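K.L.:
Sequence:
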Amino acid sequence: MSKPVLVGICNPLLDVSAQVPLEVFEQWGVQNGQAILAADQHQPLYAKLQNDYKVEYIAGGAGQNTIRAFSWMTGVPKKGAYIGSVGDDENGKKLREAAEKDGVDVHYYVKEGVPTGSCAVLVHERERALIARLGAAEHYNKSHFESEEIQGLLKGAEFFYATSFVLTHSPNVILSMGQLAAEHNKVLSINISAAFLVQFFWEKLEPVIRYADLIFANEVEAAALGEKLGWGSDLKEIARKLGEYEKENKKRTRTVVFTQGAQETIVYHNGQVTSFQPLKIAVERIVDTNGAGDSFVGGFLSKFVDGKTTDESVAAGHYCASECIQLSGATLPPTNKFSYSQ
1 MSKPVLVGIC
11 NPLLDVSAQV
21 PLEVFEQWGV
31 QNGQAILAAD
41 QHQPLYAKLQ
51 NDYKVEYIAG
61 GAGQNTIRAF
71 SWMTGVPKKG
81 AYIGSVGDDE
91 NGKKLREAAE
101 KDGVDVHYYV
111 KEGVPTGSCA
121 VLVHERERAL
131 IARLGAAEHY
141 NKSHFESEEI
151 QGLLKGAEFF
161 YATSFVLTHS
171 PNVILSMGQL
181 AAEHNKVLSI
191 NISAAFLVQF
201 FWEKLEPVIR
211 YADLIFANEV
221 EAAALGEKLG
231 WGSDLKEIAR
241 KLGEYEKENK
251 KRTRTVVFTQ
261 GAQETIVYHN
271 GQVTSFQPLK
281 IAVERIVDTN
291 GAGDSFVGGF
301 LSKFVDGKTT
311 DESVAAGHYC
321 ASECIQLSGA
331 TLPPTNKFSY
341 SQ
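Taking the UniProt record's numbering, the leading residue of the sequence shown gets 1, the next gets one more, and so forth.
Please note that a few of the clues may not be correct.
[Said to hold, decoys possible] Derived BS3-like pairs: lysine-lysine, alpha-carbon spacing no greater than 25 Å straight-line:
1. Lys280 / Lys3
2. Lys280 / Lys250
3. Lys186 / Lys78
[Said to hold, decoys possible] Here are the computed distance ranges between Cβ atoms for each label pair:
4. Lys280 / Trp202: 35 to 43 Å
5. Ser143 / Gln272: 37 to 45 Å
6. Arg210 / Ser147: 23 to 31 Å
7. Pro44 / Asp311: 44 to 52 Å
8. Asp40 / Glu246: 15 to 23 Å
9. Asp40 / Phe338: 16 to 24 Å
10. Arg210 / Lys155: 18 to 26 Å
Simulated from the structure, these hints should not be mistaken for lab results.
Note that the coordinates shown come from a computational prediction; the quantities given were computed from them, not determined experimentally.
By construction, the Cβ of each residue, glycine as well, lies at the ideal position given by its N, Cα and C atoms.
Sequences and hints are given; from them, build the entire structure.
P.N.:
Encoded structure:
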């Protein structure tokens, strides 16, 4: 059994996914591609989805999806580990079973008296919107992070991955992860995760960006960064400026990766901005795009941690995402057939 080389942290959530008409998006105040936190007005949505539509329950949470995809791509059990908070309930057990079955080394903090988080996934014409009810996920306890178990896990790994969703409840945990990475010259990868985090949690996100050696974002999140920092709307220029942004660990340069769905992926690496075209998948073969971005990151990291080139890492990310969108939810097929030739 291998020791984890990559440790991820995020909000573990049980996805409740349903195909819905477009008016359901409008009714609940979300747009295609958007991810938001559930407010009071969203609470009836979860029961309504279950009562009115055919729903699927899928182990989710962006970071957990990424570590699952990473494990699938590497084919090595427990090469990737995952930290998060769940409730002491059936959904928490389901999440653990699903993640462990997919080869993830799971290290949950269990919060008693609070239900495991869930995420309503609204799917319409292959696009999706996410409304997350964090539940136990937002009760992550820093004492768990500081425990011998987790500190030993982090000490043994060379790569860390954090989604910015964690900043809404545990910013100090990601900051500690960044400080640990800088102190020991390990690699901190972060995902911007959602535009609202740039818009409303900037004072918590900005210090973490300074520690990040590798930053992922989609086109909406990248545009939000450009607007927030006055960098304009050219994504290639935003990638360059983010890559050159103030950095704590001067021993490493920063790589920036912007995905854009079916459009070109933009990468800033070693002072250069390069574009990569994703794999073309026939529209009729696309089931839904939920988890595609998470799967891309898992695929990318599966090669990146082994010291492969950025080109190969992007190719692995594109492959992983292309497999994900041909299935329902953040799932992958039984067999990984990725191959790369320059």
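K.L.:
All hints are to be evaluated individually against the structure, with a verdict given for each.
P.N.:
Outcome of the hint check:
1. Lys280 / Lys3: Between lysine 280 and lysine 3 the Cα gap is close to 35 Å, so the pair fails against 25 Å, i.e. violated.
2. Lys280 / Lys250: 38 Å, violated
3. Lys186 / Lys78: With Cα atoms ~19 Å apart, lysine 186 and lysine 78 stay inside 25 Å; holds.
4. Lys280 / Trp202: 35 to 43 Å: Distance hint for lysine 280, tryptophan 202 holds at roughly 36 Å.
5. Ser143 / Gln272: 37 to 45 Å: 43 Å, holds
6. Arg210 / Ser147: 23 to 31 Å: Roughly 26 Å apart at Cβ, these two residues keep to the hinted range, so it holds.
7. Pro44 / Asp311: 44 to 52 Å: 47 Å, holds
8. Asp40 / Glu246: 15 to 23 Å: This hint is violated: roughly 38 Å between Cβ atoms.
9. Asp40 / Phe338: 16 to 24 Å: 44 Å, violated
10. Arg210 / Lys155: 18 to 26 Å: Since the Cβ atoms of arginine 210 and lysine 155 sit about 22 Å apart, the hinted range of 18 to 26 Å holds.
Of the numbered hints listed earlier, those contradicted by the structure are 1, 2, 8 and 9.
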